[in-house]
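Protein chains: 2
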Amino acid sequence: MADSGWPGCAKSLKGVILDMCGVLYDSGEGDGVAIAGSIEAVKKLKTSDLQLRFCTNETQATREKFVAKLRRLGFDISVAEVFSPAPAAVAVLKQRGLRPHLLVYDGVLPEFDSVDKTNPNCVVIADAAEKFSYQNLNEAFRVLIGLEKPALFSLGQGRYYKEMDGLKLDVGVYMKALEYACDLKAEVIGKPSPVFFQSVLTDMGLQPHEAVMIGDDLVNDVGGAQHCGMKGIQVRTGKYRPSDESHPNVTADGTVDNLAQAVDLILNQRGGH
Amino acid sequence: MADSGWPGCAKSLKGVILDMCGVLYDSGEGDGVAIAGSIEAVKKLKTSDLQLRFCTNETQATREKFVAKLRRLGFDISVAEVFSPAPAAVAVLKQRGLRPHLLVYDGVLPEFDSVDKTNPNCVVIADAAEKFSYQNLNEAFRVLIGLEKPALFSLGQGRYYKEMDGLKLDVGVYMKALEYACDLKAEVIGKPSPVFFQSVLTDMGLQPHEAVMIGDDLVNDVGGAQHCGMKGIQVRTGKYRPSDESHPNVTADGTVDNLAQAVDLILNQRGGH
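Going line by line, the protein sequences match chains H and Y. With positions in the first sequence counted from 1, the corresponding number in this note's numbering is that position plus 756. With positions in the second sequence counted from 1, the corresponding number in this note's numbering is that position plus 756.
Read the hints as simulated data drawn from the structure, not as lab findings. Some hints could be false.
One copy or two, it doesn't matter: identical chains are merged, so the pair holds either way.
What the hints assert, rightly or not - Derived pair list, reagent style SDA-like, types lysine to any residue, alpha-carbon separation capped at 20 Å:
hint	residue 1	residue 2
1	Lys924	Arg898
2	Lys825	Glu785
3	Lys924	Gly863
4	Lys924	Asn892
Same shape as in the complex, but just chain H (with noise of 0.2 Å):
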């Protein structure tokens, strides 16, 4: 009989997908560093029979620039493996023929290239931090109150994050802002949407139930995945408060010291399978 809880589930899994900054490393001066045995891990991961895939709420560069970096601090990671909202904003804005304005990182736009942005009929935001100015965020409300059926996108909804200089308010309280102004509803494009994790199964042709998410944020990137019907640990790294361990609403299936202690866990579950 299969073993449904973790890590006796690890037996029936065909694929992992890794949350980023937290669990490969921490973000900080320059690339940031890497957290200890995780470049190993990843290496595990990719000598074993599991399909791997790297997911992603940062954007703050193009993935191209972002792997770079992974690369620079000793990972094996490769730009087809990294799903992040930017991508998947534009492969949604396509599908329905919609224009963005944008209000995104500098660094970011590169990933918006190919998508026509004359006459904007949405609105696109995601982390931009000191680029949230007054004017900035007025013209965006600008752009949405002067449409018939006003669309807004926000790649990701996180409250806050930590940098070196302290915490800093990220893309969701915009996104509220902008909600509030315009009586609406945004549609978020990134984690804990279903949609963002139903796209990186669909890259691995597995079923919700042969994944497992690894991830240090306990609301986006575990909750989001068991939403979806996978398996969600999360890692006493990056962002983990011990008091997620007893948060009301989202349990892990199981909660690991780091992710060289959960690829472990997996690999020799398997390896007893």
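Go by the hints and put chain Y onto chain H.
Okay, now just chain Y, sitting in the frame of chain H:
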């Protein structure tokens, strides 16, 4: 038998509360411009046996500067008759021993001169337009998130307002942003808060059913006053829109073309008393 409808109810009225922008005047270049008949209407009320107060969510300047502007336009108004959110906030802060971090227009800062602002234990925001930079909002967020019991006060909760150069995001949008960032609920000071209307009634020494509010904002003026037990009359000036007359949640007790018409109806009823 007392007539509880409009304008019959005017017979038993003892006080009138007037919104200012959009009822007395339209804002614009310089001081803006008085709405036709409104200067005379205020004069008529002042020579009647009715008490008169002004109630505004204006937070761009001190009451002194604001009243000086109205007087330049020709209105017979004194500071003591005007109720605005900043002095109401100061009263709340002192009552509760709170020391605010302020994110407000420079012009309204003097209203807070008497308040201790060292080592802040709450945040007060008001319409601040260009001062709502990412850096300033992030600073307010960091103060809040660092508090054991975070308290956020918002002077009004408007979505947007209109200026010469187009629509501009109002304080409510940034209130929602900080509410989401810190997972808390702000306390609104100003219209439509019942506490705010009650402070005007208390100053007049009247019960809610003895007073009427006249405003151009269906939700904040009319709905707020009604929620407090007063009658609420909407004028078809300022931010009035025809769709207000079929609003799903708020129905004015009466709708009139402008303040002059409202005052004539009230005084005619009383003449026939």
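Structure-based check of all given hints:
1. Lys924 - Arg898: For Lys924 and Arg898, the Cα distance is within 20 Å only across copies (8 Å; inside one copy 25 Å).
2. Lys825 - Glu785: Answer is within: at 12 Å inside a copy they meet the 20 Å cutoff, but 52 Å across does not.
3. Lys924 - Gly863: within (18 Å within a copy, 28 Å between copies)
4. Lys924 - Asn892: Classified as both: same-chain Cα gap 18 Å, cross-chain 11 Å, threshold 20 Å.
Violated hints are absent here; each numbered hint is respected by the structure.
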